[in-house]
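Chemist: With chain A held as given, fit chains B and C onto it using these hints.
The primary structure of each chain is shown beneath.
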Amino acid sequence: MIPIESESSTKNGIKVVYVAKENILPFLSEKKQEGYDTLLMISGVDYRDHLEVLYHLLSSTNNSRLIVKTKTDGEVDSVTSLWKGADWHERETWDLVGIRFKNHPNLKRILLAEGWVGHPLRKDYPMAKKQYVNLADNGEDTVSFDKMEGY
Amino acid sequence: MEDKVIEVNFGPQHPSTHGVLRIKVKLDGEIIVDAQPVIGYLHRNAEKLAEMGGYPKGMIYIDRLDYVAALNMELGYVLAVESLMDVQVPERAQWIRMMMVELNREASHLIWLGTHGLDMGMLTPFFYCFRERERILRIFDEITGSRLLYNYFAIGGVYSDITPKAMDMIREWTEDFIPKLEEIQSILGKSYIYVSRTKGVGVLTREDVLSYGVTGPMQRASGINRDVRKDSPYLYYDKINFDVPTRTEGDVYARFLVRIEEMRQSARIVRQILDKLPAGDHYNKKYSKPMLVRLKATGEAYVPTESPKGEFGIHLIGDGSSIPYRVRIRSPSFANLSSIPTMLKGYKIADLTAAVSSIDPVFGEVDR
Amino acid sequence: MNLFFFLMSILYGIVKFLHINFTTFVLNGYPVGLWVAYLIVAVVEVLLVFALSMVTVIIIIYVFRKYMADAQNRIGPNRVGPWGTLQLIADVFKLIQKQDIIPTTADRTAYKVAPYIVFTPVVLGFILIPFGNVSILNLMVVNFNYTILFLVAFMTVAPVGEIIGGLASHNKFSLYGALRSAAQDMGFEVPMLISLISVIVLAGSYNANEIVTAQKYIPFIIPEILGFLVFFLAMIGRQSIPPFDLPESGSELVSGFSTEYSGMRYGIFYMGNFGFMALSAFVVAVVYLGGWEGPIFPGTVWLIIKGAVFIFIFLLTWISLGRVRIDQLLQLGWKYLLPLSILNLLISAGIAIYFGGVF
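Protein chains in written order, with our numbering: chain A, 1 to 151; chain B, 1 to 368; chain C, 1 to 359.
Simulated from the structure, these hints should not be mistaken for lab results. Note that the coordinates shown come from a computational prediction; the quantities given were computed from them, not determined experimentally. Where is the CB? At the ideal position from N, CA and C, for every residue including glycine. Don't take each hint at face value.
Think about it this way: if two alpha-carbon atoms lie no more than 25 Å apart in a straight line, the pair counts; the simulated SDA-like pairs of lysine to any residue are [to be verified]:
(1) Lys296/B - Arg48/A
(2) Lys32/A - Lys230/B
(3) Lys48/B - Val117/A
(4) Lys348/B - Tyr336/C
Only part of the chain A face toward chain B is listed, based on derived beta-carbon distances under 10 Å [what the hints assert, rightly or not]:
(5) Lys11
(6) Thr38
(7) Leu40
(8) Leu82
(9) Trp83
(10) His89
(11) Asp95
(12) Leu112
(13) Gly139
Same shape as in the complex, but just chain A (with noise of 0.2 Å):
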């Protein structure tokens, strides 16, 4: 039984469970073993002091739905050994949030391209700041910071 840090709920009554960083893949794993075996999505939330992961888990058996959350400053475990679907998603929050996930097979910008510098959805991410995404010669996308290069 791993220890949860502590228990709250969202407006509409889904639980929420903290728990430290350090336990959430076995803690993922033993709930997988309860009966959460959807892994809904990964998410990242920047709160300026810290950084939140967000799991959303949902049970096809018995229907019950659970959002683990825990505090991290920019690194936490993969769970691509539980869900395979979890690839996907802890690469868009590396894109996006900037958490870097430990063990993950293939840590990759998906939605951005490849050489974006900065995580949009940080909160101190300079909006004003412009990139330009050009196709490079091997038919994969760069950027740049000047806008006429690659034309």
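Modeler: Below, chains B and C alone, put in the same frame as chain A:
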């Protein structure tokens, strides 16, 4: 060509990628050795955009997620905002919402059916599907004033009431639709070529579905009977009779049958709502327009809804200001699409289009 | 430039085909003026057939568009000319105006030649179709003893252009289209030839006109219903129209072998395909439905009616069926059509032995 494997890029400009999906496929002759989807070509970062304006303003970005089922997207957002702020919604508004969402589910599935036929090399069903969808869009035009992106659901109700003319149009549509659907289904489902090309293709087992977090019709085609409308009813789905179609094969043909049956059930729901639609206000007067910009909220809410593609939910976190602190979108197509490598390995090129179109990805939603 | 090349290939075909008559005339000591006159007549005839085939193609494309539109709740072409009849002409003018884009990595010569390899044999094939009773009026431009073999040879050459075009484009989708085209042609060519051989066995001649006259009382579709089905399916397959449109397969391989083609070169592919459709409809009508044989109406009318029926069936399959997969297609060709055609050959050999004189 020393090693027999050829790498081919399917997309982002390709006729059967439903937008801007790019799949890096490694081919050994006609057989797919490996398929890796690449996404992000339609990325606007709707989450960030929605975090930059007030609560009502986020709607216009949510609308553009799944642009063929915009009302379903709006519903997810509206329900999340309302549950975050404890907004009371009049009964009539809820029923109207339910009807509109089901109509839009039909429209979305019709687009899927048409483009799926197109991907299987049939041009004709496409036109029949779009003819039927056109009638639904005319109903939407009559009610909301728009054909594709509606911005119709408002916090506390719906933007405008249903006119008697629109009621007649919907009633007429419910009577006509089922025979037309039978006709379209027979073009595909009774064709030996179609059935032999889709049976046993793109199979996702129950374990794959759970592991990838696949939801919606794809999940129900793989033998998991889960529908948010039944399991945790929102709106008044608990007062309505409908069945959740389930198949166990998990292949493209099963998904086809599940979606067709879902369309029948949606028509059935619309018919029931027409009889039950109560009189009353169509929005909560407390949340009239000048009030909306000053809405403030704290706490968080995650409301799951059943969009045509699967479980769509919005996780809202408020910090007490009039701007949402975090808007997190669970998009069903994103999770469904991540199962492509498993679905395609070992099949042929022709199965790629069949399997990808059976996911029904819409890239406004995948890339957000 | 394109047109010049096209006319050159036509003339080349004429000279090649009149060779037999040519030598006959010279060897038998006819005066020079006579065989020059004969050559001029032949050229005119060939040009007439060219015009005829073009008109057929235009009519088929128009009917196809209108019929498909009607089946799909659309109107179809309705702007250019009365009821949109001149739409194809307008399309051709538009395509001619378009820039001819050739990929830098493509094999330029092969890329340029490929559309004509599809189109020229199709037009030349019309030379060999007996359009009417030869004994009354010579409506068969070239009449010699091996017409049906040459017809088949032309129909075999046409898909080679697709393969060349696909390989020359230097595009992976085109490459796959070309490979599929090659596999498909081989799969259907063999059963097609074998079922044609059984017709030749029954008719006792390689001459298309004699095959028609052999069907004066009973068309070959009755004793050879099996062979007819095989031949007809193989014909649909050879034309690469749905459900066997694998070389193009719009939704899988973008546009298959013609992915990189644009402008008039694409247009020539397009017209070549419809010309092939017309040619194969006429061939089926000649070989199995008795060609121009028929009561009351003149022979030409009968041939056109019979050909139109088959074109209609081709269009119907196009509109209503989806695309098969490559393995299903090859299975159909090698596992079902080939044994059936061999069985049919045995049956017709038996018929020829027992009822020798009747057919």
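Chemist: Hint by hint, say whether it matches the structure.
Modeler: Going through the hints against the structure:
1. Lys296/B - Arg48/A: Within the cut-off at roughly 20 Å; holds.
2. Lys32/A - Lys230/B: 23 Å, holds
3. Lys48/B - Val117/A: Holds. Lys48/B to Val117/A sits at ~16 Å (cutoff 25 Å).
4. Lys348/B - Tyr336/C: 22 Å, holds
5. Lys11: 4 Å, holds
6. Thr38: Thr38/A check passes; min Cβ-Cβ to chain B is 5 Å, inside 10 Å.
7. Leu40: 6 Å, holds
8. Leu82: Given a least distance of 8 Å, the restraint on Leu82/A holds.
9. Trp83: 5 Å, holds
10. His89: Holds, about 8 Å.
11. Asp95: 8 Å, holds
12. Leu112: 6 Å, holds
13. Gly139: 7 Å, holds
Hint compliance for this structure: no hint is broken.
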